[in-house]
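My request is simple: use the sequences and hints to build the entire structure.
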Amino acid sequence: MTSIHEFKEEELDDFIQYLTLHLSENGKDGEALFQPMSRKHGIGETQLREKFKVGLIRNYGEPGWRKLWLAKNEQGQIIGHIDIRSYPDQNSSHRVLLGMGVDSSHRRLGVGLQMLEYVIHYCDEEEQINWLDLQVMTCNQKAINLYLKKGFVEIGKIEDMFRIDNASFGSTSMTLNVS
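According to the numbering used here, the stretch in the sequence shown is residues 1 to 179, in order.
There may be inaccurate statements among the hints.
[Said to hold, decoys possible] Think about it this way: if two alpha-carbon atoms lie no more than 25 Å apart in a straight line, the pair counts; the simulated DMTMM-like pairs of lysine to aspartate or glutamate are: (1) Lys67 <-> Glu10; (2) Lys28 <-> Glu159; (3) Lys28 <-> Glu45; (4) Lys142 <-> Glu31; (5) Lys149 <-> Glu31.
Hints are computed from structural coordinates only; laboratory data are not their basis.
This is the structure:
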């Protein structure tokens, strides 16, 4: 049984440990890239900690805010995460950006779908949020299929958006109206 709850500050170390492992799996063993990062040069724990810590201490509506939820298994281990964050432009406060990931050993078990449904419901209940937007690597068809299943609409593609390890990758933009 998977449980989903809002991140608590005391979980930061466990979350950073989970996220570091998760990002090390990016494009591994023939899987699609899920982050526009080199397989050889990832992001360090210190950078991850600062990236999330800064957004999580800001209140909703403040520039740079972020809200994070964790999925845990029955043993209390983090097996997935999903977050929404503000756009940098204050005139876009009715839109949020979505990010998510699932530990490789728990993919295709419904964890991603469960987290996505949880956050869609949250955004639907928040009067200030009208749109849930995301960017996904065009090569990550499994993620795109999940988003389409939940009603997201593809609104554009940028070919050759990223050059990673001497290869070209596209980016797909998707959105969901939650108002």
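Comparing the hints with the structure gives:
{"no.": "1", "hint": "Lys67 <-> Glu10", "verdict": "holds, 15 Å"}
{"no.": "2", "hint": "Lys28 <-> Glu159", "verdict": "holds, 22 Å"}
{"no.": "3", "hint": "Lys28 <-> Glu45", "verdict": "holds, 19 Å"}
{"no.": "4", "hint": "Lys142 <-> Glu31", "verdict": "holds, 10 Å"}
{"no.": "5", "hint": "Lys149 <-> Glu31", "verdict": "holds, 21 Å"}
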